[in-house]
Each structure stands twice: as C-alpha cells, then as structure tokens.
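Protein chains in written order, with the numbering used here: chain D, 17 to 403; chain A, 17 to 403; chain X, 17 to 403; chain G, 17 to 403.
It is worth saying that the hints were derived from the structure and are not from the lab. Owing to the predicted nature of the structure, the values given are computational and were not obtained by experimental measurement. One or more hints might be untrue.
[Stated by the list, open to error] Going by beta-carbon spacing under 7 Å, a handful of chain G positions derived as facing chain A:
1. 271
2. 273
3. 274
4. 277
5. 339
6. 350
[Claimed, not checked] Once the Cα atoms are required to be at most 35 Å apart in a straight line, the calculated DSBU-like pairs of lysine-lysine come out as:
7. D:397 to X:44
8. A:103 to D:88
9. G:103 to X:83
10. D:159 to D:68
11. D:337 to D:44
12. G:273 to G:396
13. G:403 to A:403
Ideal Cβ positions, reconstructed from N, Cα and C, are used throughout, including at glycine.
Protein chains: 4
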Amino acid sequence: MFLTKVRWFALILAVSFLTGNALSAQTKPRARDIGVPFDGAPGPNNAITDVKGVEVGHTTLISGEGKLQVGKGPVRTGVTAVLPRGKNSSNPVFGAWFTLNGNGEMTGTTWLEDSGFLDGPVMITNTHSVGVVRDAVIAWKVKHGSPDIEGYWWSLPVVAETWDGYLNDINGFHVRPEDAFHALDSAHSGPVEEGNVGGGTGMICNEFKGGIGTSSRVLDAQYGGYTVGVLVQCNYGQRDQLRVAGIPVGREIGGEKVWDDDVGSIIVVVATDAPLIPTQLKRVARKVSLGLGRDGSYSGDGSGDIFIAFSTANPGAADSKGLRHLTMLPNDSLNPIFLATVQATEEAVINAMVAAETMTGINNHTVAALPHDRLREVLKKYNRLAK
Amino acid sequence: MFLTKVRWFALILAVSFLTGNALSAQTKPRARDIGVPFDGAPGPNNAITDVKGVEVGHTTLISGEGKLQVGKGPVRTGVTAVLPRGKNSSNPVFGAWFTLNGNGEMTGTTWLEDSGFLDGPVMITNTHSVGVVRDAVIAWKVKHGSPDIEGYWWSLPVVAETWDGYLNDINGFHVRPEDAFHALDSAHSGPVEEGNVGGGTGMICNEFKGGIGTSSRVLDAQYGGYTVGVLVQCNYGQRDQLRVAGIPVGREIGGEKVWDDDVGSIIVVVATDAPLIPTQLKRVARKVSLGLGRDGSYSGDGSGDIFIAFSTANPGAADSKGLRHLTMLPNDSLNPIFLATVQATEEAVINAMVAAETMTGINNHTVAALPHDRLREVLKKYNRLAK
Amino acid sequence: MFLTKVRWFALILAVSFLTGNALSAQTKPRARDIGVPFDGAPGPNNAITDVKGVEVGHTTLISGEGKLQVGKGPVRTGVTAVLPRGKNSSNPVFGAWFTLNGNGEMTGTTWLEDSGFLDGPVMITNTHSVGVVRDAVIAWKVKHGSPDIEGYWWSLPVVAETWDGYLNDINGFHVRPEDAFHALDSAHSGPVEEGNVGGGTGMICNEFKGGIGTSSRVLDAQYGGYTVGVLVQCNYGQRDQLRVAGIPVGREIGGEKVWDDDVGSIIVVVATDAPLIPTQLKRVARKVSLGLGRDGSYSGDGSGDIFIAFSTANPGAADSKGLRHLTMLPNDSLNPIFLATVQATEEAVINAMVAAETMTGINNHTVAALPHDRLREVLKKYNRLAK
Amino acid sequence: MFLTKVRWFALILAVSFLTGNALSAQTKPRARDIGVPFDGAPGPNNAITDVKGVEVGHTTLISGEGKLQVGKGPVRTGVTAVLPRGKNSSNPVFGAWFTLNGNGEMTGTTWLEDSGFLDGPVMITNTHSVGVVRDAVIAWKVKHGSPDIEGYWWSLPVVAETWDGYLNDINGFHVRPEDAFHALDSAHSGPVEEGNVGGGTGMICNEFKGGIGTSSRVLDAQYGGYTVGVLVQCNYGQRDQLRVAGIPVGREIGGEKVWDDDVGSIIVVVATDAPLIPTQLKRVARKVSLGLGRDGSYSGDGSGDIFIAFSTANPGAADSKGLRHLTMLPNDSLNPIFLATVQATEEAVINAMVAAETMTGINNHTVAALPHDRLREVLKKYNRLAK
C-alpha cells in the first residue's frame, strides 16, 4: 500500500506501540537465543536499562512505499531517547565521549567534555533530523516547567545520528518535534525494543539490516557488582568484515552488495552505575572501539563512530550549592568495567542485527536481515555454536 | 510600540536591509575611528571579508516590547552566516577548531576535526535555535540542487551559538529555517555589519551591549602578504575585567551590573588565505585565546568560547578523484599568522562593542552600549588615545 | 650460569648479531607459517620495513641469572629503533599519535601533535630507561654533526616504553646511551627480528612471552599500491582474552597465571608510503585499536597502549624555505589504508608471540612462549587452521 | 674567572644556597615592589608555596665563561622541582595539563591525562636534559625505599623543559642525576627563589633575561578562601610584544634584538588547594593562556607553552583500597579560581623578569635584565605606576 504524504500519527503510534511493548520485545529471539556465544554475565534484560534508572523510548516512523518523492517519502526513520535517570529527573550525570571515526554528529559534546556532565537525555535519530530533535529537547524541558523561566537548563542537548538515506527520504525532513517528545515521553525501563525501531529504523549494518541493539553485563560481587549497559544504533560496516564471536560470518553468508565502502556509522551509549568520574568515563567510552574490533569493524572514512558513556552514581554531583561529595572507583579497579564495556558492545551490535528485519524503503531499495539459520550454520561449521 | 506576536517579515527584512547595507556599515565609527590604538595593518574593510571569497550575511530579528510572553516575544535575535568561498561554491575548505571554555555548542566539529575540512558555512545564532539553523543549512543545500540526490553533502553543518535570553524570548524559538536561508542568501563580500545584527542581535559583552564584530590583518609581503580575518559574536565577560588596548576601561567606566558572573560566550571565526593544513589551523584557532586575554577575558565557567579557523587556499583539496596537490606554509613561517590572529581578535571584540547600540528587550531589560566618549576619556587618562 | 654485574658488551653485541641477522630472522617460523589465517596481502618481508626507507635496529641486553640484585641484574631488556627514512636522513616525516590507554610514556608527542611532524626515530625501550634513550638520541644527532651548532634539531625525541620488571632488573637502569646508539647504528631494511629482541626482550603478552612483532600489507593497485607496515612492542593482556584469528586460543591453551590483571602495555608503530597528512595519520593511529580488538584486548587500566603513525611520502614537507608542495590521498580513499592498519596490527601481535621464546629472568621468573603445536591444535578444533 | 670543566659542587651548592635562602629571596624587589599594578590578593609569599604542602627546590648550575666548547661549557642551566605534597609524601594529586603551543616536552602527560593523577613532582630543566632528570626521579624514588620492590611507583615522571642554548652549553649535557636529586632534596616551603635559578638559570623572556617566577592569589572567604599558586619557567616571547599591566613596555624600553622570532617557551605550573577533579583542572590549565595574553604573548611556532595544574585537596584519592570519597567544587563556583589563575600567571611572568639579572653565557652572549627604572618610567608615562 502506498501512503500519500500525510502525517499518520495513528499508524506511527501503532507501530511504536507494537514494537515498543515488552511482550513483543521478549518474543523475538536475541543473539544468545539462537546460539551465538558471548563472554560475561548479562543483567536481567541484557539491556542498557539493567542500569537502574535508565529509560529508553523510541518513535518509529514508517510510511509510504515505492519511488522517492522528496518530502513525501517513503519514510523509514525515527528517534530514540536514552534517559540516564528516567524522564522524571533532570539531575545531570557524569559523562564523557569519544570519537573513533568522526564522520557524524553528536551535539552537546563540547560542554559534556568540559563540564564532565551529561545534562539531559541522549537522543539518536537520522543525520538530517539532528537539529529538529535538538531544539525539541529544549522545548520539551521548557514545556515540563523549568524552575528557571529563562530556561538555562538543558540548553545544550546531546543528539547523535546515523544516515538512513538508502531506505528513508532523509531530505524530506520527516522527523518533527512531536516525534522527539514521544520518544522522551514513552521512555521506560525494562526490556528495550531492538532492530528496526526508533533512530535505528532505517539503518544498515555490515550490509545486513541494522538498527538498535542493546546488551549489559553485571560484574562479580568482588568487583562491586556494578552493571554496565550498552545501546547501539548501528549502521556501519561491510559484510566481508563482519565477525560474529570471532568467526568471519559475513564472508561465509555472502549475499548482495549494498555498497562498496564502509559508509555507515555507529552511535554507542554506555551506561553504568559504577561511581566513575568523567576522566574514567572517557576511558570507558574509548574501550567501545575494542568491542567493535571484535565484531570486525575497521571504522571506514564514511563512518561516524561516536560513543558516549555516563554514570548514574553520584546523583547530587551537579548541584551547585556548596562542596559536592563524591564517590569514585579507584582507577585500578576499572578493568572489569572496561571488559564489560567491550563485551556488551560486541553483543549489542549482534543483537541489533539479529533483531532487525528485512526492510524495503525508497525506490524499492531492500536490505535483507541477517538470516538466523545461516548464522547458526556458520557458527556450527566453526565449532562456535553455543546451543 | 508593542508588537503582538506576528512574524513581521517586512520589518525583519527592513531591519536586515538597514543594518546590512554597506553604506550604513561604513557610516558608523569603528574602534580605530574613535581613537583606540591597535597593532598591525588591517585590510581594506578591516573585516573577515578581506579574505578573498569570504562572504557574510545576517538575518536580524527584532520585534515586540515589554513583558516576556514565551513564544510571542519580545524578539531580539538572529542568524549570521559566514561562507568561506561565498554562496556559490560548495567547495570545502581546510578547517579546525578549538574550545577555550566549553559551555556552548558548535555542531559539525566532530567531522571537522577528523576530516580536516569545513564543508559549508559557519552559522551563528542563539543557543536555542542551533537545531533549526542546522537542519536549514542542509535544506538550503538540497534546495539549491545537489548533484547527489541522496544529499550526502553538507550533512554535518557547523552551527554555533551564544545565549541571548536576557534580551530575547529565547524559549519562543523565533528563528525559522527561512531566517537561515536569508542569512545565506544575503551573504556578501565587502564591509560587514557589526553590533546588533544577525546572531549578535541580543548579545552582551563585558556587561555592555555586544554582538557581531570583525577585523583583519594583512601580512607584510616578506611574510607572504596573506590576509587573516576574524569575526566574533561576542557575549562574554564582566565589566570590571574589560581591557581596551591594555587599559582597564571597564573598571573606569563602571555602570550598572548586568550580572555577577561571566555567563556569556564568544564564538570566533578566523579566515585566512594562507595555505595552512588542518594541523596548522588548529594552532591558529588556539591563538584566539591570546587575543581574548589582551581584552581581559578570563573565560568563565558559563562561557562557550569556541573558535573555528579555515583557509581558503587549496581550493581543490577536498576533491576525491586522485591524489590532491596542496601547498603548505612551513610551520616556522606561522608566526605572522599567529600574531595577526591575536591582533585581529583583540580588535574584533572591541569593534563589536563600539558598534553595538543600547538595546531594550524582554521585561524591559536594557543593556547600555559602551559609551564612546567615556572610552576616549579613559584612554586619554592613560595616554593611550590614538587620535 | 650466573653473571656477576659486568657490562658484557661482547655478549650483548653477539646476541644482537645473532638475533639481528636476516638469516636467523627468516629461519624462525612466523604466524602464517604455522597456519594462522590472516586477511590481506603482506609485503615481501611482512614487516614494517616493507615501507621503503624504514629501517629497524635492536640492542638486546641479556645477562645474569637468578635472584634480583638491583643494579646488578639479571638483565632482560633492550632498545629498538625505528627510523622512518633510515639512519642517513634527518628529514622529518608527517606523523601523528593516539592513546588507547595512557598508562605509559611516549615522549616527543606534544610537538608531534602540534607540528604534524615526527623529527627523528621512534625508540622503544623499558619504562625506566626512557630518559637515557631520549637524551641519547639528541647526543647521537649531535655526534653525527648537525649543521646547526646550537643543536636545535631532534631536540624532542620520540621514545616509548613498556614495563619489563617481571623479568628484568628494571630499577638497575641497565640501558646506557651506547645501547641507544647501537640500535640506531645497526638499523637496517629487510627482515626484522621479532620476539625477545630490542625493547621487546623482557616483555610478556597475554601471559605468554611477548616482545617485538611486525607485519605489513600492500594495497591493490586500484587503491594506489601503497604499503602499510606495523611494528609492535607487545606486553599487554590476559591469557583468557587472547583471540587468534577470532578463536579464543588463550582460554583453550590455558596455563599458569602470570598475573591477575591487564598490567602490560603495547606500543604500535605504523608506517606507510601513502601520502597522508597529519590529520589522516591520526585517524590511522586510532584504527590500531580495532586490530587489538580483534586479538581480544580490552586495554586494562595498567596498560600503556600508545600508537604512532607516520608517512614517508612528501619528503620535503618539513623544509622551511618557501611554500611546501604536498600530495595528499583524499579522505574517501583512506579505507584500504585503515583496513590494512587493522589487519597488520592484528598479525604483528601474533607474530611477536609466535617468535618469542620462553624466558627466565629475575628471581627465576619464567614466562612460557605460546606453544606452536597447541596453537595449531586449537585453530584446527575451530576449523580455522590455514594449512 | 674562567672555570675549567670540573663539577664544582661546592660552587653549585653555594649558588643554590645564596639564591635559595629566604632572606635573599626577600631582599630582591618583586614586580609589585617596584610599582607594577596587579589585580587580586596574593598569599603571604605571593608564591606557589602559598598552597599548603607545595615545596619548590632548585639546582642552579653556573660555571665557565667565554667560548663554547661542547661538553666543557660555559654552563648556565639547572633543575627546578615542584613537589605537590612536599618531599615526604608520595601521595598523588589530581592533575591535568594543556598545551597552548607544542614545541616542547613535558613527559608523563599521557598517564596524567588518562589517570587524572600527577604521581610525583613536576621537574623543569633544559631541553636536552629532560631524559636524565626523568630517569633520576625514578631512581630517587627507588633510593628512598618504595614499599614495592619492583618499583612501579613514579615510573612515569613529569619533566618539562625550555631551551637555554643561547647562554648554556646545552649539547654538553651538564645536568646529572645528582642535580635532580638535589632539587628534590632541597625543596622547601616558604619564599621561592626567582630569576636565574634552577631550570630557569639560562632562560630568556621577551628578549630580556627570564627564568623562574611565581605568584599566588587567595580567594575571598565567600568563594571558599582557596589559594591558587603559579610557578613559571619563562623563556618565551619578543620584546615588542611585551605588555606589563597592559602597557606596551617592551616597545617603549626597546633595546638590542636577541632574536627575530618567538623561539622560546614557557612552562607553567598551577597549584591549588581547591577540591577540583581532573576535568576541572584541565580547564584551569587552559586559562593560563589568558594570563599570557595579558602579558602580550602570541605563542610563536618555536614555543613550547605547556601548562600543568594540580589540586592538593582529596589526599586519599589515589588509594586503591575500596571506593574513594572525594569533595568537588561545583563547576559554577570555578570562576574565582579561573580568574586567580589568569592573574597569578600574568604576575608570575613579570616577577620572573624583574628578578632575573643580566647574564653572560656561551660565546659571551649577554642577555640584559629588564631595567627596573625604565619599567617604572614607562608605567608612569601611561599613568599605570602603582606607587
């Protein structure tokens, strides 16, 4: 069915509801469920929301079919919101960021870098909608009644992107402020929808369908029992580089070339409840690279591989009255956090690919999902199938 | 007269015309004209546009009076566009950036940093309008017909901001895409409007009225005869720190406190036709700090002091066909460029303050202009009046 | 035999000769020779010296046995020199660096970062001998007759380190200026000695014996036919994280724990003849992380994972007379360089481990080599043995 | 008197004693004493040692006269040690660094940056003696009995430099480990020797004699009453750029050209007892630029302008047992710290120049001191003489 260019909110909300509800999220198999072996112990949801307080919301925009008519569609895009302390808190968290390859955007990082605080949510959308989402975050805050009439809070929102113009009418600018509001308002704890949802709707990863993926690790009690959660919007890579659990799965499965180059991107959000200060979180953000390395990425010139890490500990750290009292994990206790970050990143990317489904977008471009059966066959061939 | 909330385009365009036209720009005295001594030799316009190819456009939005009604005004804001090679070229320039204090936004810097290229204009507006201007730059490019239907060009625009919420209804989000288009479309070479124009309309500097300022330096022929141009949107500082030509002018003039802290910001754009590669331009951007130091800035916590530098040399550097052939000034020939950057920055800030006029904005907040006669008296007292 | 503390130059030179000569280097099997599969096409020596002009020299210091007597030994250390244009040129190369984890030292990087040039060799030694080697590089240059009597050249040498105190009397400061001179004077093109040589003599990698390793890739003619060479001094990692060709080899082989934490480090030098400017080389240096990720590293807190990249193209770039004329590979042609960097890094680490032999050092600490037969068995078990 | 090349320890100690003793330090007039006006309230010694716990020691090496004979002299150099918690503590402090222009060396910064800790002293010497001083710091620690026999502590010392080859036989490598030991062992609280002492012995600043200078500020009780202390080894700048209290003093005084370019450097150490975390200290380090800007610096290509900042608060922050409990000043209370840093930097440079005395070194090169009487005359001419 070809939808003429109308803003079908009912449809959008329906899609959002369907993909967003926990039941449907749980009924889809994840990478572990189909036998991909990973190291480390995940949390109850194997999701970034295993870090207490973290909430995730998606707005998924899917409408239209067939030939691209700029401004009319087809639309295959959306917005994802990650709220470090949930939607009812405006309490900043310590944060830091890192760029592995900079062909992308993450607004708000200049102040994040200098202040050491992430003040507000992390939003992820398509490349050409970063602006509308950015201003919308401020508007959302204003609407929710800031105590400060001049609205100085949340003035420098963090919004990241990857490019979905292969499937989506990206120059049609279909994301509206309301879509950002919805992602924020619908954020929730518990299981996180993966695959073709939110900002990940139209994304492509290693020439298979990509999108949103998540994973977590819980540290042993001897290391503090902290949780590390990762959420990715993955849109990077070439098939013949893809490794799953170390196995050259992309090359084995093969398939139609989507493109000749590594033109995509990946945004990675790392959350933890470990009490880390910004210097330490910067190191955590940098370790994400190693997880991508395990999956075979070489981070091409066209890729915006940008990572952000935050800690939900030290809830009063950003208050401005008097001296702040903080706790900090010693540097030489960071290794389990680093390892968890690497492991959860490695898994979140594969989770995104396992969850994503084949999608047809503009000009009937079709991107196939990673076939679960073939993935199992390849892992078995290399004696790496977990079950 | 109190304007009800209407989008008075006619007025806007009229204001824009009045402030924008070269004649009016020339009739206002500049800092040198009233006797402030500066080192170095400026170019013909003593403006960033003395660097061949650089064009500057402003959209100035002034409407309403009296009590703040969020969304209705009063409006005291705008958009400034700096186009490195003018509005008819989409040829990227080598560029780099630096943050002296990070309480601000400059989008597009992640790719600028990693690619070494500035691909498109530098836009400057208010803090809460960065998003709309950012997406508008992409839309403007799409509208002007990119050869690439998927619109990959100019996808990561550079947009910076300072905060005008003391005079402007910043939470009313009055800047529209059309305002960004107009700033781009009206960009021109020659004299640059200063003071209460464009992104600088509602800005405050050292507790006097601030805004847009510019200056340039032409190097001696023995150093290559290159031009260095600087444009600032200045909104930083405390009166009692202000030094003009080294003299503590702010303290001497005194006046009503606007605020107790250094809560503003300054965006600085440095252009040159010297053939510098990105590593060198990063160093140029860093030297801007020293010019601000001469003016007495201590770059407070609330300040977003973000600088960008670009070189218009090497026009084909970003082409992707085959090896690029570049010219580069040797590192040990950079000193005159560094000194020119410091000098032009020092002067551009003072030019902005000299050009800006007293303004009344929301809730009848009034910010007084730097009084020219008092400035001259103080310089004379310290034997520093040039004429 | 226990050697009393004497400076056994004869022995040192003998060892250096034995390990240094091309024949012996070629008779030791390398990772590919024993069936480890790697992607990409290496150069003739599969070594950093495949980049024309690059020379490598080692001084290997091995003396004494038994109980540690600080200042007397046992000694298991050395110096490795990488000369971008060989020992007869003082012509700087474009360069850049990156730190994945900063628990280490690489001197000279402040000027490398700001100038974009690597002026002199890259030296690698043990942690406590960085200083002596650094000043020795200046002295070596002075001795070889600088045209400038005041000796301004090579004043900021690049010297990196990893920590060999588990096997070596590191607090005995056994490296002398002469050892740095010898590494420089004996530098050569052709095959590079690997394993327990030079700076790598006493190093440990993934709880097996580590040291020096190297590898290279030659790009397809369609990508310019450039060579990328990598040399590592590897001393990082935990056995249970080690992956070889994606296979969890460390866990499968098992063995005695050397330590409980990731306390080591890795220095990586990347050379290429592709015409890259410093901004691009910084990106190349950053990609090294992805190669380490493939090998399973998580880059622990105690690790100094510091990478440097340089390009031998543009030989006159640092001259100071007049404008420099450069060639530059376009950014969107960088992908094959990035991929080659990742692949050669992945292989160089494994080459170091395959070449290194079991060593006993201070207090009879013994670190076992990676057993080649077990490695083959594990790869075979996972259907990844190449031959 | 021409001294043959002997290591005249008696002389050295005598010089060190003379310049080092508090009485002589107090008898020399400082910039304020001769009427230079500065903003802000200094601490009791107007020195970095006003920050409780900070100690400073110098070794001053002056011997020989006449023609340069490399290795024989004349010698005009030394070592300065700044110990954050005095020589009896090995307790690290939070620290950070910044480079304004990178033509210099500061070892140890890679781990400083990543760990957030400065572990040991900050040493300053000449460019060609960084290595010997670096290793000597480790040796000093080993000698003083580390609890850890393998000596992992203080393995990455921070050593910075400026270039004294115009007056000193820099290629003679006259600094020995003992000189570093002496600087450490003789460190003391109280007044700090300035001018031709320690690492500053042979330095030149704005073409007058330079060297070591220091200053401090004490914040108002309402801002916490913290102290900020600055120590500089200044060796940068061109006479015609020098501003004292904003007045173009260099140009007014004039004098013989020492060189045509800005080829020197400045190392700046900032200490505070305010409880700042590393992210905040990095910002403090960056603000040093603004103090140099006030003095007229444009930070030339040849300059190594490298700054380090540390906080003596949070004494147990680096312990590795269990969670660390920290205090932190809120970001929006940083302004008085920033301003104090700018002011103390501005003054420390002028203090160095006022204290330094005319010196003759190699080949009878002579560098004249800033003449106090002329300085006063110029300030008076511009109505800026304080008394």
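Q. CA of residue 273 of chain G to CA of residue 396 of chain G, is that 35 Å or under?
A. 25 Å, holds
Q: For the pair supplied as a hint, residue 103 of chain A and residue 88 of chain D, confirm whether the alpha-carbon distance does not exceed 35 Å.
A: 28 Å, holds
Q. Was the hint right that residue 271 of chain G lines chain A, CB cutoff 7 Å?
A. 19 Å, violated
(Q) Under 7 Å is the threshold here; is the Cβ of residue 277 of chain G close enough to any Cβ of chain A for the hint to stand? (A) Status holds, d = 6 Å.
Q. Is the interface hint for residue 274 of chain G satisfied, with its Cβ closer than 7 Å to some Cβ of chain A?
A. 15 Å, violated
Q.
Between the alpha carbons of residue 103 of chain G and residue 83 of chain X, is the straight-line distance 35 Å or under?
A. The given pair, whose Cα atoms are some 31 Å apart, holds under the 35 Å limit.
Q.
What's the verdict on residue 159 of chain D and residue 68 of chain D, does the C-alpha distance respect the 35 Å limit or exceed it?
A. Measuring from Cα to Cα gives roughly 26 Å; hence the hint holds.
Q.
For a C-alpha distance cap of 35 Å, please report whether residue 403 of chain G and residue 403 of chain A respect it.
A. 28 Å, holds
**Q.** Interface hint compliance - residue 339 of chain G to chain A, C-beta minimum distance less than 7 Å
**A.** It is violated, given that the least Cβ distance between residue 339 of chain G and chain A is near 28 Å, above 7 Å.
(Q) Does residue 44 of chain X sit within 35 Å of residue 397 of chain D, going by the straight-line distance between their CA atoms? (A) With a Cα-Cα distance of about 32 Å, the restraint between residue 397 of chain D and residue 44 of chain X holds, given a limit of 35 Å.
Q: Please work out if residue 337 of chain D and residue 44 of chain D have their alpha carbons no farther apart than 35 Å.
A: 48 Å, violated
Q | Supplied contact hint for residue 350 of chain G, tested at 7 Å Cβ to chain A | A | 5 Å, holds
Figure legend: structure checked against the earlier numbered hints; hints not met, in rising order: 1, 2, 3, 5 and 11.
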